[in-house]
Amino acid sequence: MHGKPLKIINIGEDDSQFRLEDENVKEIFDKLNNKDIKVAVVSIVGSFRTGKSFILNFFLRYLRHLEAVGLDALDDESEKWMYKEGDMLLEGNLNTNNEQSQSSFAWRGGNERQTTGIWMWSEPFIVRSTAFPEEIAVLLMDTQGMFDNQTTMTLTAQIFGLSTLVSSFQIYNVEKRIGEDNLQHLALFSEYGRMALSPVNESNKSEESESIEAKPFQHMQFLIRDYQNFDKDWDDDFYIFTKEDQDSYVETYREAARKYLNTVIDNKDAKDLQITRDQITRCFDSIDCFMLPHPGPAVTKKTFDGKISSIDPGFRALVNIYLRQLFHEQLLPKRINDRFLTAPELALFFAAYTSLFQQGQSGFPKAMTMLEATSEANNRSALAVSLAKYRAGMETKVSVDNVTYIKEDELTSIHNKLLAESLLSFDKAATMGPQLSIANYRTELLQAIDQE
1 MHGKPLKIIN IGEDDSQFRL EDENVKEIFD KLNNKDIKVA VVSIVGSFRT
51 GKSFILNFFL RYLRHLEAVG LDALDDESEK WMYKEGDMLL EGNLNTNNEQ
101 SQSSFAWRGG NERQTTGIWM WSEPFIVRST AFPEEIAVLL MDTQGMFDNQ
151 TTMTLTAQIF GLSTLVSSFQ IYNVEKRIGE DNLQHLALFS EYGRMALSPV
201 NESNKSEESE SIEAKPFQHM QFLIRDYQNF DKDWDDDFYI FTKEDQDSYV
251 ETYREAARKY LNTVIDNKDA KDLQITRDQI TRCFDSIDCF MLPHPGPAVT
301 KKTFDGKISS IDPGFRALVN IYLRQLFHEQ LLPKRINDRF LTAPELALFF
351 AAYTSLFQQG QSGFPKAMTM LEATSEANNR SALAVSLAKY RAGMETKVSV
401 DNVTYIKEDE LTSIHNKLLA ESLLSFDKAA TMGPQLSIAN YRTELLQAID
451 QE
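First residue of the sequence shown: 1, per the numbering used here; consecutive thereafter.
For the record, the hints were derived by calculation from the structure and aren't laboratory data.
Hints are supplied without guarantee of correctness; some may be wrong.
[What the hints assert, rightly or not] Subject to a maximum C-alpha distance of 27 Å in a straight line, what follows is the list of computed DSSO-like cross-link-like pairs (lysine-lysine):
{"hint": "1", "residue 1": "Lys428", "residue 2": "Lys215"}
{"hint": "2", "residue 1": "Lys302", "residue 2": "Lys176"}
{"hint": "3", "residue 1": "Lys84", "residue 2": "Lys4"}
{"hint": "4", "residue 1": "Lys259", "residue 2": "Lys35"}
{"hint": "5", "residue 1": "Lys271", "residue 2": "Lys215"}
{"hint": "6", "residue 1": "Lys176", "residue 2": "Lys271"}
{"hint": "7", "residue 1": "Lys428", "residue 2": "Lys35"}
{"hint": "8", "residue 1": "Lys259", "residue 2": "Lys243"}
{"hint": "9", "residue 1": "Lys4", "residue 2": "Lys307"}
{"hint": "10", "residue 1": "Lys35", "residue 2": "Lys7"}
{"hint": "11", "residue 1": "Lys7", "residue 2": "Lys26"}
{"hint": "12", "residue 1": "Lys259", "residue 2": "Lys232"}
{"hint": "13", "residue 1": "Lys307", "residue 2": "Lys176"}
{"hint": "14", "residue 1": "Lys302", "residue 2": "Lys7"}
Based on the sequences and whatever the hints tell you, model everything.
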């Protein structure tokens, strides 16, 4: 079984601070270091002991199935992929003493917290989504549960904030319904990102830009677990329906999910309730919800051995629909400042955000501090990409294999053309933060090219 969970954020012994595990982060991102493929981070957050790690193991089974059969073999929409590695969900299952229990995101029955810090799967998966024209590399991230009576509010905010900042698809795992407390926590933790990640410097806003507010985060999905108000039962009969009837069934379900979310997010007369909703919709490009029934009483027992056929059939049917929708219809790569990122670029932002939270452990980071960290990572990334563009162009024109003599004036012409293209690339990407900072990075780019 390829891959393993790697801890990328390790919390302190007193549960009050965290540190970046540099070697683990490097091991993950290095696998995509030489590829131009864009990267999506799918992360899950929520209260502790609500099944986050358990559901991620279905993510892994599905993605490993895609990896084995190929991206062109998606016509089979059945649950067969769940059983490709056997009827027992042994991966990560700490209820059983098996050799695979350490080979996935760990989960178990009971009331004690399981995941601490932030973990990421060591291997990327390649998927195709109708929402994006190119193949996407997917990284899965699991986070420590919130409100576990041990973790400070500051650390909880840091975990939630870092996860939301680096992910392109953030899953907020909630129980039974979307409660007002869920909305208030989401609004609170996302406010700092909204203030910090404005892509236009206040002093340089035009009249047109003042009317346009960029949203700092991409997709937020409420994954409602143990939902109890389905209009239709989900059972074994679903798979004996015709394809047309199945599609109709699924569309009825999706419409019910949209209506439920609308009732939660819609305008409210009470001012404080409306402020919470305005804050959330101002922070995310898109918001949706997906509802899963309870997986069945067998799963909650400490003795659950992972037998998939013991899991409620309605839960299995909707997990199957859910994963196909997420990975093949909704997923987009990570985007910052209107640019989809590759792994090396995302790694820069990841390190910058982590450093920022480490420096602000006594409380939430100040918005301007976060803006500066984001701007630095964005502009340094723009420098690296633009310099690489110049180098690649020169290597193509003046390679070691090219034995033809190039006159000095011709070489100067090539240099000037590539220099202009490199600077144009930088100017388009480096648009965050103070103009002086951008100018300094531009000067650094010019000096680096001059040394070439």
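Violating hint indices (sorted, rising): 4
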